[in-house]
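Asker: Here is how the chains run, residue by residue.
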Amino acid sequence: MDFTKDKKKVHRVSKAGAKANKKKAAKLKKLEQNEALRNKNPKAFVYSSAHAALKGQRRTLDLEQKRVNLPVIDRSGTAIETPPYVVAVVGPPQVGKTTLIRSLIKNYTRHSIQEVKGPITIVAGKKRRLTFIECNNDLNSMIDTAKVADLVLLLIDASYGFEMETFEFLNVLKTHGFPKVIGILTHLDSFKNNKKLKKTKKRFKDRFWHEIYQGAKLFYLSGLIHGKYPKVEIHNLARFISVANFIPLTWRNTHPFVHVDRFEDTTDQELLRNNPKADRNICLYGYVRGTYLKPHMKVHIPGSGDYQMKSVTSLPDPCPLPNERKKTLNEKERLLYAPMGDIGNIQYDKDAVYVNIPQRNGRSTEDSDDDEYDSESQGIGEGMVKNLRDSKYTLDEKMKNSEITLFSDRSIKFSNSDELSDKDYYDSDNEDGTTTTASKPDTRNRRKVKFIDLKKNPTEMGSDDEDDDDKMDEDEEDSDDDSEDQEEEDELEDDGKLHFEDEEDDSDNEKEVLDYYDPDNVYNIKGSDDEDEDEEDDNVEEEEVESAKWKENFKFTKSNINSSVNLAKLIYGDRDSNKNSKKEEEEEEEFFKVKKGGFGSLKLKKDQDADSGYNQVDTSKYHRDVLKDLNDFTSPDLKEFILKKFVSKTDLLNTGLVGTDDHDNEDKVLFGDFEDLETGEKFSGNKKSEDSDEEDEEEENEDEENEDKEGEEGKSENIYDKERKKNRNSKEEKIKKINAKVESEEKDWAGDLNDQAKKQREINQKEFENDDAFYRQQYEGFPIGVYVRIEFERIPCEFSDYFDPLYPIIIGGLLSNEENLGMVNVSIKKHRWHKKILKSNDPLTMSMGWRRFQTIVMYSTKDINGRNRMLKYTPEHMHCHGSFYGPLTPPGTGFIAFNNINNNQASFRVNATGTVLDLDSTIDVVKKLKLVGQPTKILKKTCFVHGMFNSKLEVAKFQGATIRTVSGIRGQIKKAASHPDGDFRATFEDKVLASDIIFLRTWYKVQPIKFYNPVTSLLQRNKIQWQGMKTVGQLRYEKGLRAPVKEDSVYGEVERVQKKYTPLQIPNSLQAELPFHLKPKNQSGKILNESDRLLRNRVKVQEPEEKRVKDLIQRLKIIKQRKIEKEDERRQLKSQQLQEKHDKQEKVRLERQKEQKKRKAKLQALGKGKKTKN
Amino acid sequence: MLKYQGCTHFRQRIICATLSGRPIKITNIRDEDEKPGLRDFEASFLRLIDKVTNGSKIEINTTGTALTYIPGIIMGGKSLTHECGQSRGISYFVEGLLCLGPFAKAAIDITLTGITNNDLDLTIDTLRTTTLPIIRKFGLEEGLSIKVLKRGAPPNGGGMVNFKCPIVPQLRAVQLVDEGKIRRIRGIAYATRVSPQFSNRVLDTAKGLLLEFTPDVYISSDHYRGTESGLSPGYGLTLVAETTTGCCLSAECMGSSSGIDSGESPEDLGKKTALALLEEILNGGCVDSHNQSLALLFMVLCPEDISKIRLGKITEYTMEYLRHLRDFFGVTFKIEPDQDSKTVIFTCLGIGFKNMARSTF
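First to last, the protein sequences are chains A and B. For what it's worth, our numbering labels the leading residue of the first sequence as 1, then goes sequentially. For what it's worth, our numbering labels the leading residue of the second sequence as 1, then goes sequentially.
I should point out that these hints are in silico values taken from the structure, not numbers from a laboratory. Hints may contain errors.
[Stated by the list, open to error] Here are the simulated BS3-like pairs of lysine-lysine, each with C-alpha atoms no more than 27 Å apart in a straight line:
hint, chain 1, residue 1, chain 2, residue 2
1, A, K862, B, K78
2, A, K766, B, K137
3, B, K57, A, K644
4, B, K308, A, K569
5, B, K51, A, K957
6, B, K25, A, K298
7, B, K78, A, K1005
8, B, K57, A, K645
9, B, K35, A, K569
10, B, K181, A, K639
11, B, K207, A, K645
12, A, K1005, B, K57
13, A, K644, B, K271
14, A, K766, B, K57
15, B, K57, A, K1010
16, A, K759, B, K137
17, A, K639, B, K207
18, A, K758, B, K78
19, A, K644, B, K181
20, A, K644, B, K3
21, A, K1154, A, K1144
22, B, K207, A, K298
23, A, K1010, B, K51
24, B, K271, A, K758
25, A, K649, B, K271
26, B, K308, A, K759
27, A, K645, B, K137
28, B, K181, A, K645
29, A, K649, B, K308
[Said to hold, decoys possible] Footprint (simulated), chain B over chain A, 3 or more residues, beta carbon under 8 Å:
hint, segment
30, 762-770
31, 820-829
32, 913-923
Quick caveat: nothing in here was measured; it's all calculated off a predicted structure. The beta-carbon is built from N, C-alpha and C at its ideal position, and this holds for glycine as well.
Isolated chain A, as found in the complex (with noise of 0.2 Å):
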């Protein structure tokens, strides 16, 4: 820590004081100054062209554009409180990642932890609450950690270096959006010099800029004092922590997710007795994050698979965040929260609250030496705590026995019955969540204290009423069939007349309301249902009131809409249980009673479509039944009404909204222009006519200004000046133009969305706020921030049973066909630092979305007329389509892919990384395939060909496809032909030998192999080792085999017959006719006649004088051959040493080059080595 002593203290620039206020005087003076200059002399400060302002406005317009981003829409901004961030401790092991987080909680919360299970809550300040887990090792603990970390601290052995798990946590990170990542350099302590601890440091903070971005913060930690980090390091931490801002990230923006904090087997233990390996029913626990967790939402974890939620509750916030405003946190606000580490002291429950106590801080302070909490101020909570721990009897018996009464304020009642709505814990949040709260930790042991609210909750109230009387209702209806109808219509007629009887009562008397708005008879909105009572029951009304006004007609149906309530209860009510078993056996009840009703005749089809409930006519058209049953306008009251809906005679006529121009527009156009007329509405049209005349009115009138002005000074001054002058104003004016347009377009850009955004934003906050809460969970789920218990039925034993909370949980929601699976097209990219390009159809693990799977992947390429091709192996560094079987997931989400997931693979375990582009259901990659053939019968152009096809079918599907033979003859399949089944006949450009093969090259669709195997790491007692399907590569390594060898592909010795050709022989009636420099000569050996054949073989004799110069000419003969070889001799020697002297020269010339070279270079290197040094 002490290398920076021996350095000067750095001036620091006063930044406030009397020092710093002169200057800022100083500042602006010289700001007013200049523009007091530029107001002097304005054309300084000008473009002197048009065409310089022009390019001025492009360059700022370019610059514009790069600042300028698609505004990322935080939904976050609608929750009630944010939830604790997620602040992961990522490393490889033995950096220190425990003692970092066991410093850090000591240094927010006075806490002094021993390990670190699970995720830890904490409240770190007035307003933001920090849950901190540590990764370990393991790559799918890396996978999940990425997925969920709003803030990571990458740890670093700065005396190792960086380590391979680093750089594939960061790929990971970069697949699943950014979060924020501050580095930590640990084991700073090792480095004795100063010197190079100074350069350590700066080739750390330069890889690690290089990784995430230039200026990340990367934190010092240097050596443990008693086991922790020091202090003050810690504390400017967790200072960066705590003023730490997050952007959103779109996939988390997107999807609800849950990180479990807190884990339950609930599964009956008499069950499990029985069958220890029985499904699991579980709760998992954690603050909502994202976006809205919905109830009914299908769920993925993590390693384990895709749920469907049997029930979520809010609760109590677990870990609160302090209510008053305060300045600083006291002890008692400074809470601590993590479940799964037993460190907390408070854990709630659906229907109780554990309450756990440390035994060091015993309730008489036994130990004293606990220098952690200070007991002296003991909260009402940790009295009744205490009181409950002391007291004689047992719960049971108490509970038995009598009531408590806990609070002064609210009674209490401790019962065994373990219902308590959702509502309950959504009201009393406030209450339990204070009183329990503040109860002190006594001892460790845990006691369980159930509770039940005496008042029962008034919408559970209501709604059980309701179903009460849904059940009497469908009593009656059951019992009561064959009178049916007769009531149905007395019940109307009661209906009726209510109605009109109290149209006063209606709107205030919520129950008559109510009573009305029954499903069963319901009068005017249940539609075709009973369309035929209603009609009669129209008849009815009107015979009894004939002379009823319009306006009571009207009050029916201001009364229709009065009860928001009961219209919501009619759509949605009678099925808020169980909503889908409920109504088919309802609808199952309705089928019978049909059928006894319509027993025997065969009904009519309209009639049965009227009638029975589920087979109506199926039209959004809303059909009113006949004239009578519309409103009378012509009665002047309604009419008056009616004329209110209107847009007033004199509007109309003042604003020019009356349209008798429209309508040579239309006429001309039949129909189409219907929308246009709403949208381009004709005043705006009329506006902008008038501004572009204003526009040309005020040219005119500059132009006539300039001309006066010219007429005044036009006599002194020459033709030229005007000229210029001219030319200047127009100029400016051009300036202008562009100024205004790229300032106009700015705003539009800058205001729409964002202030959409925003506006957006502000209805969403607003909507629901005066909400029920348990309407409003109805309504949008649960909103973000909420400490939710989700229960689980039916989960594999072993994700109970191996339970490990040292891997991290996730529940991340689904959306809608995000639950499928279907063929995704990828763009793909091989990671450089992977050694081995991938291979088409070897399996690939990959983490995309929440999911973490096993697939394989078929690569391909798109070439340029459009084809998708198969590739075998993906390109070394360019990025290609692949194409695999899995979760639809939607387009632009990034995914990660790794050949094994396992730790034992010393190399770099990224293997690709890449975005979805597209989903299908059947993709389009072909390969290429070449169908191969011999020419049987060759005439002339035409051609016979066979073992290309096994069928005339075939052949018959290729007709017309070109074919090729492979000296470059093209050709074209003909017909099959009649005899060996798949021959064909084709005809070709030219000639084809009987020795060509010919060839027919077409594409082959292929499909990658469906195969979709989730990763199941949670559910393994080794969570490390999750075996997937191995690559026939890894097979073959194991058992020793090789790659097996085509008996064709092997290369081998050629062996090619010697061709005889049997002489052409040239009949002699041609040979007669042949000039004579065709004809076949009298070959030597070649006997024609006997004659001949006698003259050759004859023995000859030379006279002596004959042999004599035969002899001579023989002897001279050789002379001159000798001579010649002599020569010959002479002038390849003369040659030889004529090259060995150029040899040598070469030679010495080239060891001067390499010398020079030499020396050269190494007075570079001197040279540089200098400037290094400097």
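Position chain B relative to chain A; hints supplied.
Answerer: Just chain B now, kept in the frame of chain A:
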């Protein structure tokens, strides 16, 4: 898998299933009918769905009373054609396509043949003049169009409609709360294979009635001749009331071909339609009673923002649609009545629906 019974709300179920990606099973389809099972138009609708999707599986049992539908990915595409048959109008099919179109892989351009105007379904004119403006509010501005190439009245049809729908990555949440005041009334009185006098008579009556309320009434008479007029005679009237805030309310009536003989005069038809429009206006709301369900569906499919809409009288069809929306998408609407205007405000949080089929570059 969601299970339903009967053929009622057949399209709703198929469409919701396709959009949400959840398979459905429908049983007891007209099981007590003289002719049990799916009808030709339903089969035709399924065929259309098959055309615009990829990978969807439709299984129908031998009697046609049970149907299993496993949805695939919506493809869309150009130069598609579909024969709609003579049982239902083209609108029956176009309404379905309107829901799927924005979320397809490629923009839909389809030509449908059949009946353009009938009494059972909305006419294609209403769809064009009222439904499209509503959908445009959800962010589908450009490329959405319906063109009537030929008009076809029941029973023989012979009409031809070209429907184009663009694709979007996401919809836009809407706040259709301000209904405004009626600014003007437009309409089309059409007649095919009958005397042009028919449409003129219809027009006169309707206009006469409506002029009492606003001076800006324009109804065009649209008479078809020759090949464009389809195969059967028919006439009718479609009216649209536009408000100052751009909401459209519509009413329509069709003089059935039998009606020409049955004594219902064109004047009656005109009066009926005008009154129906007034009734719509009286009911209020930013969307008329025919298009409620579509607007609600699109609200559900919005990004996770609040959408609000003011509706008049809720129809039975809409109610069932609301239930279906809850079954398929898990969305419950907040329903608030407005005592003053006798309307109901429906509010919901979108599900953050994205066009999954759309491919990025």
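Asker: Please list, smallest to largest, the hint numbers that this structure does not respect.
Answerer: Hints 3, 8, 9, 14, 18, 20, 22, 24, 29 not satisfied by this model.
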